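**Student:** Residue numbering for the sequence shown follows this note's numbering, starting at 25 and increasing by one per position.
Among these hints, one or two may not hold up.
Here are the computed lysine to any residue pairs in the SDA-like style, where the Cα-Cα straight-line distance is at most 20 Å [unchecked claim]:
no., residue 1, residue 2
1, Lys304, Asp347
2, Lys119, Met146
3, Lys378, Ile344
4, Lys366, Pro340
5, Lys254, Leu314
6, Lys500, Arg474
7, Lys404, Cys458
8, Lys254, Lys304
9, Lys378, Lys417
10, Lys404, Leu423
11, Lys258, Asp343
12, Lys189, Ile251
13, Lys417, Ser407
14, Lys311, Ser268
15, Lys464, Phe491
16, Lys404, Tyr379
17, Lys189, Lys89
18, Lys258, Asp347
19, Lys378, Gly401
20, Lys258, Gly247
21, Lys500, Asn465
22, Lys99, Thr201
23, Lys366, Leu346
24, Lys304, Phe357
25, Lys417, Leu483
26, Lys417, Thr471
27, Lys366, Leu377
28, Lys378, Leu356
29, Lys89, Gly39
30, Lys89, Phe152
31, Lys417, Asp479
Everything labelled a hint here was simulated from the structure, so no lab data went into it.
The structure displayed is predicted, hence computed values, not measured ones.
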Amino acid sequence: MEKRRRTGGEGGDRGMEENTMAILDTSGFNNSKISDHLNDDRRAFLEAVRTASLLPDNGSAPTRKMFEAIFHILKDADSVDLIIESYQLLIELDKRFPRVYLSKGEQSDSMSPLKAVSQIVMVEEAWFPFNFGLDSYNEKVEARNPSRSSVDSSGFHALIQEIAKVATEMKSETVGTTFLKNMLLLQYLITVLEGDFLPRNCSYQENMNWIILRESLLNMLLGSRKIVYKGLVKDCLSLMCDLSQLTVFSEETGYLKNSSGKQHHEIDYAMALALPEVKKCTCTVLKTLLIMELDSSRRIADHQGLTTRADGVRTPVVDIILDELIYDNDILFSFLQVFDPKWKLEIVVQYFLKYITKYSVQTRRSSGMVNIENLDGVLKCLSNRTSTRSIIKKISTELIQLLLAYAFQAYLLLSYQHLSKGLSDKQEDDKSNCIVEVCKNMISAFTCLRQENPDTEILCIGKEALFTAAAMLSKKS
Numbered sequence: 025m026e027k028r029r030r031t032g033g034e035g036g037d038r039g040m041e042e043n044t045m046a047i048l049d050t051s052g053f054n055n056s057k058i059s060d061h062l063n064d065d066r067r068a069f070l071e072a073v074r075t076a077s078l079l080p081d082n083g084s085a086p087t088r089k090m091f092e093a094i095f096h097i098l099k100d101a102d103s104v105d106l107i108i109e110s111y112q113l114l115i116e117l118d119k120r121f122p123r124v125y126l127s128k129g130e131q132s133d134s135m136s137p138l139k140a141v142s143q144i145v146m147v148e149e150a151w152f153p154f155n156f157g158l159d160s161y162n163e164k165v166e167a168r169n170p171s172r173s174s175v176d177s178s179g180f181h182a183l184i185q186e187i188a189k190v191a192t193e194m195k196s197e198t199v200g201t202t203f204l205k206n207m208l209l210l211q212y213l214i215t216v217l218e219g220d221f222l223p224r225n226c227s228y229q230e231n232m233n234w235i236i237l238r239e240s241l242l243n244m245l246l247g248s249r250k251i252v253y254k255g256l257v258k259d260c261l262s263l264m265c266d267l268s269q270l271t272v273f274s275e276e277t278g279y280l281k282n283s284s285g286k287q288h289h290e291i292d293y294a295m296a297l298a299l300p301e302v303k304k305c306t307c308t309v310l311k312t313l314l315i316m317e318l319d320s321s322r323r324i325a326d327h328q329g330l331t332t333r334a335d336g337v338r339t340p341v342v343d344i345i346l347d348e349l350i351y352d353n354d355i356l357f358s359f360l361q362v363f364d365p366k367w368k369l370e371i372v373v374q375y376f377l378k379y380i381t382k383y384s385v386q387t388r389r390s391s392g393m394v395n396i397e398n399l400d401g402v403l404k405c406l407s408n409r410t411s412t413r414s415i416i417k418k419i420s421t422e423l424i425q426l427l428l429a430y431a432f433q434a435y436l437l438l439s440y441q442h443l444s445k446g447l448s449d450k451q452e453d454d455k456s457n458c459i460v461e462v463c464k465n466m467i468s469a470f471t472c473l474r475q476e477n478p479d480t481e482i483l484c485i486g487k488e489a490l491f492t493a494a495a496m497l498s499k500k501s
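All chains should be modelled from the sequences, with the hints used to inform the complete structure.
**Tutor:** What follows is the structure, encoded as structure tokens:
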């Protein structure tokens, strides 16, 4: 682990800070000033930062004070263009000047030649939008001016809850700019979490130094005593599913329509244009937050005895999601639509395993990761009339069809992704044989389902899955 300082002085060029912050010092944080003048000053400031830091090839990173000012504009602005401009500028600056990154070095010993090794680098003076009690600079800023402070763990959770509240109510109410602003703020915060976590996790995979991940922002957020961890995961899942079903923009009318077709009048046209994409991106970052590989890395650290009692005990995210989906079938369909194939398949397999006798099928490798071919084991169980009879007492036949069809889609997609990676002839034959076996068992499972319940009507998505399986078998024969 290496800590570095950026060139150009602590936190960047102080001359650049004086010139750009002078634009805001007289009015930029004075909310009593006439709104149009205040917004003009803020636009000028954002453009000055962009020009100084991003346009030149050797531009200097903004100082902490400058980052703080941009973040304050994102949190405080009520103009759609200022909200979007400040958000985009923060994203671009983070890409240009990462806080944590991997640096390739070389190491050698007497027994092996030189080889490249990844070394985690953390910029000492980097500004973070979070305050988890470990950054004295952010603590001083918060004490000096709470309205401009960074976000702590409880504030992060509260932001998600506020967005969820509006997302639920907007089925019957117009949407304000605060909703758009909060979604962009959440997107930025999760992007910072991801940017901090990914290089740390890559480094951890190479050197098994758990301390690197223990000090990650994501681990500190989830381990904070200021939030209820399970509640945070459930709220993220619920919000993601709500947003995926929320509203679509009608270009013909310029209004927002909800799923029932009702039009929302008196809404800013610029926000109406931006909202669908912002909503989609918010779903994506929430999904990113839920599927970051912290749990799997933590599991490896636990098995190797790298964790201590201070790390505490946390229920894996996948288990919390599974329990929530079983408890609330209303969000299951949305989940199956929006999640990635790998997670979708894992969740569906685990969903069935709640109702299948444990010895019926081996479901996990010794590493604890779900194998995509475990779907075949579930299908074999459902091809057994005794097992099927037991399962349909607990799960409706419609839900079984839905789960099997989505799992089959995910399985095929993952399988063909593997085939496209240039496997050997033998590996391709083995994979093709596995696909054939899954197709056969898919048809067998649906046949058994009809035999146990002759009144069962095959859903459209079930018919599509059966047609696909039959077509693939016909092609292979």
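**Student:** For Lys378 and Ile344, compute the direct alpha-carbon distance and say whether it is at most 20 Å.
**Tutor:** 13 Å, holds
**Student:** Does Lys417 pair with Thr471 here, judged by a C-alpha cut-off of 20 Å?
**Tutor:** Measuring from Cα to Cα gives roughly 17 Å; hence the hint holds.
**Student:** Against the 20 Å threshold, does the CA-CA distance of Lys500 and Arg474 hold or violate the hint?
**Tutor:** 26 Å, violated
**Student:** Next pair to validate is Lys500 with Asn465; report whether the Cα-Cα distance is within 20 Å.
**Tutor:** 15 Å, holds
**Student:** Decide if the proposed pair is consistent with the structure: Lys366 and Pro340, CA atoms, cutoff 20 Å inclusive.
**Tutor:** 16 Å, holds
**Student:** What's the verdict on Lys417 and Ser407, does the C-alpha distance respect the 20 Å limit or exceed it?
**Tutor:** 16 Å, holds
**Student:** Going straight from one Cα to the other, do Lys254 and Leu314 come out at no more than 20 Å?
**Tutor:** Roughly 12 Å separates the two Cα atoms, so the pair holds.
**Student:** Within a Cα-Cα threshold of 20 Å, do Lys254 and Lys304 meet the stated pairing?
**Tutor:** 24 Å, violated
**Student:** Hint check: Lys417 vs Leu483, CA-CA at most 20 Å. Holds or violated?
**Tutor:** 19 Å, holds
**Student:** Verify the proposed pairing of Lys189 with Lys89, using a straight-line Cα cut of 20 Å.
**Tutor:** 32 Å, violated
**Student:** For Lys417 and Asp479, compute the direct alpha-carbon distance and say whether it is at most 20 Å.
**Tutor:** Given pair Lys417, Asp479 holds - Cα atoms ~15 Å apart, limit 20 Å.
**Student:** Is Lys99 close enough to Thr201, meaning Cα to Cα at most 20 Å?
**Tutor:** 11 Å, holds
Violated hints for the displayed structure, listed by number in ascending order: 1, 6, 8, 17.
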